[in-house]
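Colleague: Chains as they are written, first to last, in the working numbering: chain A, 7 to 252; chain B, 10 to 241; chain C, 34 to 238.
Treat the hints as calculated values from the structure; they're not laboratory data.
One or more hints might be untrue.
[What the hints assert, rightly or not] Derived BS3-like pairs: lysine-lysine, alpha-carbon spacing no greater than 27 Å straight-line:
| # | chain 1 | residue 1 | chain 2 | residue 2 |
| --- | --- | --- | --- | --- |
| 1 | A | Lys193 | A | Lys126 |
| 2 | C | Lys236 | B | Lys170 |
| 3 | C | Lys96 | A | Lys72 |
| 4 | A | Lys126 | A | Lys89 |
| 5 | A | Lys225 | C | Lys236 |
| 6 | B | Lys18 | A | Lys84 |
| 7 | C | Lys94 | A | Lys32 |
| 8 | A | Lys43 | A | Lys32 |
| 9 | A | Lys72 | C | Lys236 |
| 10 | A | Lys72 | C | Lys232 |
| 11 | C | Lys95 | A | Lys84 |
Values in this document were obtained by computation on a predicted structure and should not be read as measured data.
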Amino acid sequence: MAEENLKKNNSAALEAKNISKSFANKDVLRGISFKVKAGDGVCVYGSNASGKTTLLRILAGILQAKDGTVKIGGWDIKKSAEKALPMIGVISHGTMTYPQLTVEENLKFFADIYNLSDKKERVTEMIDEMNLSKFRYDVVSSLSRGTRQRLAIGRAVLHRPKVILADEPFTGLDSKSKQKFIDIINKLKKAGGALVLTSHHVELAGKCCEKIVVLDGGKFSAEADIGDDDVRRFCEDHSASAKGEI
Amino acid sequence: MSNSINIIKAIFVKDLINELRSKQTFASMVVLSIIIAWIFRLTSSVIESAMVSIAAAVIMVSVVFSSILCCERSFAVEHGDGCMDGLLSASADRGNIYIGKLLFNVTMLCIFDCVMVPVVCVCFNLTPAGNLLKLIVILLLVNIGVSAVGTLLGSIVMSIKSRSSVLSILIMALIMPMMIPAISGLLMVFSAGADSGMFSAGQSFSEIAGMMAAYDAIFVTVCWLVFGFTVG
Amino acid sequence: MRVTVLITSFVLMIASGVIANTKGAIEPVVRNIVYIHVPASICSLVCFGGLFVFSIMYLIKKKPIFDYLGAASAEVAFVFATVLNITGMIFAKAEWGLWWTPSMRLITSAILWFLAAAYLILRSSFNEQGNKANLCAVFGIIAFVDVPFVYISARMMRDIHRPSFSFDSSWQSTALGLAILATIMLASTLIWMRADIEKLNEKLN
Numbered sequence: 007m008a009e010e011n012l013k014k015n016n017s018a019a020l021e022a023k024n025i026s027k028s029f030a031n032k033d034v035l036r037g038i039s040f041k042v043k044a045g046d047g048v049c050v051y052g053s054n055a056s057g058k059t060t061l062l063r064i065l066a067g068i069l070q071a072k073d074g075t076v077k078i079g080g081w082d083i084k085k086s087a088e089k090a091l092p093m094i095g096v097i098s099h100g101t102m103t104y105p106q107l108t109v110e111e112n113l114k115f116f117a118d119i120y121n122l123s124d125k126k127e128r129v130t131e132m133i134d135e136m137n138l139s140k141f142r143y144d145v146v147s148s149l150s151r152g153t154r155q156r157l158a159i160g161r162a163v164l165h166r167p168k169v170i171l172a173d174e175p176f177t178g179l180d181s182k183s184k185q186k187f188i189d190i191i192n193k194l195k196k197a198g199g200a201l202v203l204t205s206h207h208v209e210l211a212g213k214c215c216e217k218i219v220v221l222d223g224g225k226f227s228a229e230a231d232i233g234d235d236d237v238r239r240f241c242e243d244h245s246a247s248a249k250g251e252i
Numbered sequence: 010m011s012n013s014i015n016i017i018k019a020i021f022v023k024d025l026i027n028e029l030r031s032k033q034t035f036a037s038m039v040v041l042s043i044i045i046a047w048i049f050r051l052t053s054s055v056i057e058s059a060m061v062s063i064a065a066a067v068i069m070v071s072v073v074f075s076s077i078l079c080c081e082r083s084f085a086v087e088h089g090d091g092c093m094d095g096l097l098s099a100s101a102d103r104g105n106i107y108i109g110k111l112l113f114n115v116t117m118l119c120i121f122d123c124v125m126v127p128v129v130c131v132c133f134n135l136t137p138a139g140n141l142l143k144l145i146v147i148l149l150l151v152n153i154g155v156s157a158v159g160t161l162l163g164s165i166v167m168s169i170k171s172r173s174s175v176l177s178i179l180i181m182a183l184i185m186p187m188m189i190p191a192i193s194g195l196l197m198v199f200s201a202g203a204d205s206g207m208f209s210a211g212q213s214f215s216e217i218a219g220m221m222a223a224y225d226a227i228f229v230t231v232c233w234l235v236f237g238f239t240v241g
Numbered sequence: 034m035r036v037t038v039l040i041t042s043f044v045l046m047i048a049s050g051v052i053a054n055t056k057g058a059i060e061p062v063v064r065n066i067v068y069i070h071v072p073a074s075i076c077s078l079v080c081f082g083g084l085f086v087f088s089i090m091y092l093i094k095k096k097p098i099f100d101y102l103g104a105a106s107a108e109v110a111f112v113f114a115t116v117l118n119i120t121g122m123i124f125a126k127a128e129w130g131l132w133w134t135p136s137m138r139l140i141t142s143a144i145l146w147f148l149a150a151a152y153l154i155l156r157s158s159f160n161e162q163g164n165k166a167n168l169c170a171v172f173g174i175i176a177f178v179d180v181p182f183v184y185i186s187a188r189m190m191r192d193i194h195r196p197s198f199s200f201d202s203s204w205q206s207t208a209l210g211l212a213i214l215a216t217i218m219l220a221s222t223l224i225w226m227r228a229d230i231e232k233l234n235e236k237l238n
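Using the sequences and the hints given, assemble the complete structure.
Modeller: And the structure:
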């Protein structure tokens, strides 16, 4: 139904309107609005404590915004959460995996949570695709950071989401795994998916995003196409760290 | 509905596997209860006539302190490595997370009781004297009540540094109304009679069980309803 | 407005005291502690009710003022529960020769005190302010739901707190009524003032 919503109306895969959030009466996000169409990728750039993680957590349905709405594939994340949430895949600072469970058990757990009809096949497919076959029966606590991050990516795309929200996804990955992640994201985008990621690695982000927005003082202070020259300079010029405020 | 049952079952099984592998929580619970039983036994050796009352107290104290360990640990597991965020972004109904955790905590306490109660009976030289079914009913109702409150509070204290101490204060303040009929019931089971010490005569077992069941039903419902506000 | 209410409550308290000391005196003199004990008991329950209402309002409306009012209600409930327990112990010692015993009313008073104390401990334990208001509101609701069970379960205990005397003149009932009204007015003003202080604290921070 949501896919029909996307195709017929050409509505955005993700639409955020007027998102505001405050912690202890301090505004962290102020009136954030943006759209990401199917097949597009947006990189959110910002200095530390600019609110990137908070924004991503609100888009993922983990935190409640003070004001504003988030729609995934046309479905409101608050009012139609049971339809919107299965369309989101989240990659975060933490790998969201259980250290005492094996790689296979972690994926099986999330397959159960998402109520996948082809649980076993999909888990095996993810293990193969993320090169985790060698570690299938190993507990996560025994794995390296890079391997855990690959598992986290596998967990995030296990249920074939339409939107990927990734918070610093390149952290801890070697160059091969970084490329693997970029390939998976680009494949997802070709199939009609969308991407919102936060990263300081604008060069890498440029391989899977078309647009970059700078989050500064709780608002989007600037945006540019990633194809533009010297995007890094652009980002630094528009963020607080460059202005010496942090 | 079937999706909710799947999620609850998945969380329950995941927590059980977690505990079977780490064995941290259960071992601590058992050792703690043995220490409590021994301390009370040693200090009560001068008051032979009050053995039954003291044994009932030991059982309650063991269940309460062990539930604190269990409930705290069940959420500590989720807060390492952002696992709770993974659950929240996947599950529309946060109440499912609460029910899954509640079932796990109740199961852990029931398994714990199977070890703890025989230890207490051995220490204090007691038998349930043909009241085994009543004992099981009382302990099950206590486990559900303590877990209902403890699961919610376990989630609340995750944002705090001194989790264990604050959790123990919060749990004990809330479960006192349930402890009174529970102790009265345990005294009945161990044949001390309901009219014992501070407890008034005339309470039947069904009245006691009914009161505890009402407490459990209301607190499971209320905690399930408000759980969503404690996460995210 | 607050000053008016405060002054009125003090006037009513003085009136209650004057009546209690003259026409409404109970013999022996220690029993006159009932003019403080009973209003403290009623007031602490009213404050718990306030905590419940403000907690629900905060979870629905998410306005900080309800959080401040809830916290203030818990503090005032704690104060009156302390007065309740101390006056109860003084009365128990004089009347029955025991400072404290696990009987029905005494357990009830003690648990109310514990619930208020637990809320305040929880509130003071947060490092980051982020979700403090939500979590305290949840605990406020659960604590209030616990209160009826406190009363029901305490009925299972022997009650030495049986009324050993009753009022035999309308002056005594009047004095008690005035004391209850004055205490509730005082509690409302204290909650109001405390919530304002909390609001100013947040602004300064």
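Colleague: For each hint, tell me whether it holds in the structure or not.
Modeller: Tested hints:
| no. | hint | in the structure |
| --- | --- | --- |
| 1 | A:Lys193 x A:Lys126 | holds (22 Å) |
| 2 | C:Lys236 x B:Lys170 | holds (25 Å) |
| 3 | C:Lys96 x A:Lys72 | holds (10 Å) |
| 4 | A:Lys126 x A:Lys89 | holds (23 Å) |
| 5 | A:Lys225 x C:Lys236 | holds (23 Å) |
| 6 | B:Lys18 x A:Lys84 | holds (24 Å) |
| 7 | C:Lys94 x A:Lys32 | holds (18 Å) |
| 8 | A:Lys43 x A:Lys32 | violated (31 Å) |
| 9 | A:Lys72 x C:Lys236 | holds (19 Å) |
| 10 | A:Lys72 x C:Lys232 | holds (19 Å) |
| 11 | C:Lys95 x A:Lys84 | holds (16 Å) |
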